[in-house]
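Colleague: Same order as they appear, the protein sequences are chains A and B. Heads up, the final residue of the first sequence is numbered 374 in my numbering, and it's a clean run with no missing numbers. Heads up, the final residue of the second sequence is numbered 918 in my numbering, and it's a clean run with no missing numbers.
Hints in this document: simulated from the structure, not taken from any laboratory. Treat each hint with caution, since some may be false.
Stated by the list, open to error - Below, in silico cross-link-like pairs of lysine-lysine (DSS-like), each with a Cα-Cα straight-line distance of 27 Å or less:
hint, chain 1, residue 1, chain 2, residue 2
1, B, K867, A, K76
2, B, K348, A, K368
3, B, K234, A, K3
4, B, K338, B, K380
5, B, K297, B, K483
6, B, K119, A, K320
7, B, K500, B, K234
8, B, K637, A, K166
9, B, K867, A, K320
10, A, K3, B, K338
11, A, K166, B, K61
12, A, K368, B, K914
13, B, K424, A, K3
14, A, K3, B, K348
15, A, K368, B, K338
16, B, K119, B, K23
To be verified - Not close to chain B: a few residues of chain A, all C-beta gaps over 10 Å, as computed:
hint, residue
17, I12
18, M188
19, L193
20, P214
21, L215
22, F259
23, L260
24, R282
25, I295
26, S310
27, G338
28, A339
29, Y348
30, A360
For glycine and all other residues, C-beta sits at the position ideal for the given N, C-alpha and C.
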Amino acid sequence: MKKLSNIFQLGIKELLSLWRDPVMVIFIIYAFTFAVISGSKATSGDVKNAPIAILDQDQSPLSQRIGNAFFPPRFKPAVPIQADDVDPALDAGTYTFVLDIPPNFARDVQAGKQPKIQLNIDATRMSQAFLGASYTQTIVMDEIRAYLQGHKTQAKPPVDIVVRYKFNPTQTTVWFGAIVALVNQITMLAVILTGAALIREREHGTLEHLLVMPLTPFEIMMAKIWANGLVVLVVTALSLKGIVQGVLDMPIAGSVPLFLSGVALHLFSVTALGILIGTVARTMPQMGLLMILVIIPLQMLSGGNTPYQSMPEAVQFIMKAAPTTHFVAFAQAILFRGAGLEVVWPSYLALFVIGCVFFASALALLRKSLSASA
Amino acid sequence: MNPEPTRKFVARVEGLSQRYGRKLALDSITLNFPADCMVGLLGPDGVGKSSLMSIISGVRKIQTGKVEVLGGDIGLESHRTAACPRIAYMPQGLGKNLYMTLSVYENLDFFGRLFGQDKAERDRRIDELLASTGMSPFKQRPAGKLSGGMKQKLGLCCSLIHDPDLLILDEPTTGVDPLSRRQFWDLIKRIRVQRPQMSVLVSTAYMDEADGFDWLIAMDDGKVLAEGTPAELKSRVGADNLDAAFIRLLPEAKRQGHKALVVPPRNVAMEGTPAIEAEGLTRRFGDFTAVDHVSFKIPKGEIFGFLGSNGCGKTTTMKMLTGLLPSTEGTAMMFGEKVTGKDLATRKRIGFMSQAFSLYAELTVRQNLVLHARVFDLPKDKIEPRINELIKQFGLGNYIEDLAESLPLGTRQRLSLAVAMIHKPELLILDEPTSGVDPVARESFWELLIHLSRNDKVTIFVSTHFMNEAGWCDRISLMHSGKVLASDPPAKLVANCGAKTLEEAFISYLEKAAAANAETAAPVAESKSPAQTAPEAPHALATGFSWRRLFGYAYREALELKRDTIRLTFALGGSVLMMLVLGFGINLDVEDIAVSMFDNDNSPASLRYADNIAGSSYFVQKPPVTDPDALERRLRKGDLDVVVEIPPNFGKDVARGANTEIAAWVNGSMPSRAQSVAGYVQGLHSDFVARTVPPSVGAPKVGIQPLLEMRYRCNQDFKSIYAMVPPTIPIILVLIPAMLMALGVVREKELGSIYNFYSTPVTRLEFIFGKQLPYAAVAMLNLVVLSVMAVTVFQVPLKGSVLALILGGFLYVICTTSLGFVMSAFTSTQIAAIFGTAIATILPATQFSGLTQPVSALEGTGAIIGKIYPTAHFITISQGVFNKALGFKDLIDPFLALAVSIPILTAISWMLLKKQES
């Protein structure tokens, strides 16, 4: 009982401290509003507005037809280009694709020959290059087929395939991007808030002050975890409601309370991680660097920014121990696929176990560092 | 009562008012400061002395009123620039403007550079200053390892390095032991003899010191009470010492209740176990013995004083008694029980007040009190009355809703004691509780202590520098270099030495101990004086841009970085680690697609179709789906990327050329992957169709596939690693240098060394670039290491111009450190600087700069950020040089973009950075 009251009181103190730093409050608001919105527009992978140029050496109705077949959202309208400009334009990154239609192309096609169209691809743009190439291929083939069939709209081939996208039928990338941005902000804010709160107490000498009072390191840690975790949880809920559902108009497939309770579990583990970082680093500048070194891998390799399955096996294995991997997994499952607890419980369990490990090591380290401090 | 009209004035103040929030620190003050003498500012804390001094030094911005210093208006920037090399300012706080990791020599050297002195001149002046202060033996010692008195001496040396005409010292001896204090004033006196034209303006809380000044100004509540020579002040109120004179000068209301402090005798009967019992207590830090076999016994109800110079082990002893620090040897008993540090019950019987203010500065007075009351488990209904009682007792009534950080020093100390007392402890351990507190407040503080001891039988263990306070103790211990020199009632100590006062007794003990110890200050070189042998420092260097000052800051910042090995290791090793993680970890290839068949046909044709998919190396076959529910459930679970549903009669329909339709159900929650998956499935489908389905009428006769030839430029193998590694270098080079830089300014603000920027001729540009330089250099080193890693570890060929990469990198790291600088100048706390830098770098660099998605494909804010963000431009350069064999000519646009970013970012920093405190 006494313990709980101490944890509660110290936590209230944390909240008041945060409230007194107006710049911090502004940053938090920014991170959960504008950063989520702008992050929603920046998802990787899907081909959008790909710049394409066309080197039309044929100047036939077919080549013009092909040239007119590129349009947003996937491609920018194709821009005519001269032969000499192809390489410089690709080098400068002005165009990702340059389609090279040879002379007499239409004639050769109609004659049943196999003339070659060359597609130059800037392969340093991995994500666009591969998908874009296959889209280009489809577009060109469709146009040729339609041309050959006498300008009729393409006939349905007898054996067709229909792709249906579950959970996001229109394949809006905005939603995915928003959730990735939100997930990233949650982790970053939680780690920084708790880690820095600890360092700040150490630098201001108040940590020592706490230790002469009838308080244990456990209580000090728990107070930081609940208070800072609560702040992040509240802004997450508000951002989900106001920004993701409100501004970005995303339908949430699953249960919001279930998601938020998962966020709480995630926060338990990342705030403990923050304490761990705050204990290892002795000063704020050290903490800043250490934080970057921990956050970036957590974010980039969690499966939110790039597909988890594509990472090397070893990395996948290591990232199983990272809270963000499980967070991203259940966030997608609940928010997009409407999964229930029966689906996400392994992630929750993993988060809880990871959180306990972080918490225990942070506590042990904090105890050790406190008894050695002078 | 003005000085005679013929007198010269070093500064004139007219109608000066200064307000912080709702507190009026200075209330339309009009004053003249006589030149060529020592002027002392007296008064309790928070009466505006510090504000006045910082305004005169040009460090603080004037709100209303006119201040003329050294013959010009200090409110004008032009005059500040001109006068600043003639003024020296030492802010309040031990070693506040020093750099703790730098040695004595390096600190002085830094100040010399700021005043434009060349190496020969700096070295000569440093040698002379160190010799004349007796600090020569400690030339190489880090400032952080000096005692308080030595720190102040070093601070003084730093102030004197440019022969100022006006020396402003804000409470230079607060918290310094009597011997060091005496040495400090001797030093000032000698310097004054050598340079009589130098005016000195000092504030102090010690009235005995003020007695030696030429002119005194007594202040209270933002107003001037009186000015005159010490003799005049004393005679005006008919007091024989300044302490009494000051108290009599106070307005009636403040004086009320003040009477000479009487210590009633203690009931000496030593009943029961002693409150504290230390036996052979020892503490070593490495090979340094901070506390050396200290033993004492403090009976209940006694006031036990602990005296000693700074760094003699008082604080360490107290920490061991409270259990904050384990002892190396010996035992400490508290109420008859061994101190373990784990015993929460004993903590409730003790109140502790540490030397540094350690309450929550960001909470109000009431919030601090309530927090502690609850932690000490006071019953709910008792909290309010107890807090009100303390507020009354400690005179905090006017401050109750103020933030603790806004309180004047003396009030803060009162608050600290109130907090330590909240649970009515039986034992109070107070570490220099009255440092920086004015005489009236100190006496009332001691009145409280005596009351607690005599009436409530509270044992009090207190350390102090003030001799009159020591005189009020029942017993005192003199401590020096970790050892207790003597331990007796004050009167007995005085008698033992044959001294007149306790101060003399103490100094004689110290000198005896010092004589036996070569560690203390070397004899002071009296013969030479810096000013007589040295030509006057040229004072006209302040204008214009100075490379020397810039390098002064750069050199100092570099030294600090070098000393912080952990930070340096993180910065260098961290970028290597990050490159490995990002380079190997980020892979945009779509692999291991989990596919499951939902075969409603089970004909040879459908099995062929399934085999076709399973045969692809991109797919991993999962157990088949048997009904629509399972399809839904398994996709939802996320185990499957795609389910391929083959309709009934698929085989028959294919055979007879009838229309049939395969459905591919793709998990669409991650669009980028979903679309790739769809692409692969469609590809395999057309492959299947081309090979097995007879061409029907009307379809093109030619195979279309070979028509389109793909030519992957710059990355023929189309390997993700070639595309991903070059951009990771720019990403790492924004995250780490910006974060290194981000704390540069806020940290100086928090620790106080920012005053050196305010009070020296350094210009904003010199400061900005000087501080950036070392971090930019570290970043350049990172660039080289990362590029070598890209070529060796990742085997990415470097095809283009190395020089272009290096030059582009240089422009880029200036941009990224500038970005960190902007954050640092903008924020006011370190935590906000970290968070701000994180959001200003991580998202734009990883999402909007072309790492995974080309900038040209972005929309909205992302697109705008991607166009202007430096990382995007350097990714273009890095990609160009590594993969595209490009040189300068081809990369002119990104080079220009980076070059333009630098002045823009610098201008923002310049605007955010203030050369004065507001």
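Colleague: Determine for every hint whether it applies to the structure shown.
Modeller: Consistency of the hints with the structure:
1. K867(B) with K76(A): 17 Å, holds
2. K348(B) with K368(A): 23 Å, holds
3. K234(B) with K3(A): Distance ~57 Å between K234(B) and K3(A) Cα, so the pair is violated.
4. K338(B) with K380(B): Violated, at about 32 Å.
5. K297(B) with K483(B): 15 Å, holds
6. K119(B) with K320(A): The given pair, whose Cα atoms are some 58 Å apart, is violated under the 27 Å limit.
7. K500(B) with K234(B): 23 Å, holds
8. K637(B) with K166(A): 12 Å, holds
9. K867(B) with K320(A): At roughly 36 Å apart (the allowed maximum being 27 Å), K320(A) and K867(B) break the hint.
10. K3(A) with K338(B): 24 Å, holds
11. K166(A) with K61(B): 64 Å, violated
12. K368(A) with K914(B): Answer violated: K368(A) to K914(B) is near 41 Å, above 27 Å.
13. K424(B) with K3(A): 21 Å, holds
14. K3(A) with K348(B): The hint holds at about 14 Å.
15. K368(A) with K338(B): Roughly 20 Å separates the two Cα atoms, so the pair holds.
16. K119(B) with K23(B): 46 Å, violated
17. I12: 8 Å, violated
18. M188: Per Cβ check, M188(A) is inside 10 Å of chain B; nearest 6 Å; violated.
19. L193: It is violated; L193(A) is separated from chain B by about 8 Å at its closest Cβ, not greater than 10 Å.
20. P214: 4 Å, violated
21. L215: 6 Å, violated
22. F259: 14 Å, holds
23. L260: At about 19 Å from chain B, L260(A) clears the 10 Å cut-off, so the statement holds.
24. R282: It is violated; R282(A) is separated from chain B by about 7 Å at its closest Cβ, not greater than 10 Å.
25. I295: 7 Å, violated
26. S310: With a cut-off of 10 Å, S310(A) comes too close to chain B, as the shortest Cβ separation is near 4 Å.
27. G338: 6 Å, violated
28. A339: 5 Å, violated
29. Y348: 14 Å, holds
30. A360: 18 Å, holds
Of the numbered hints listed earlier, those contradicted by the structure are 3, 4, 6, 9, 11, 12, 16, 17, 18, 19, 20, 21, 24, 25, 26, 27, 28.
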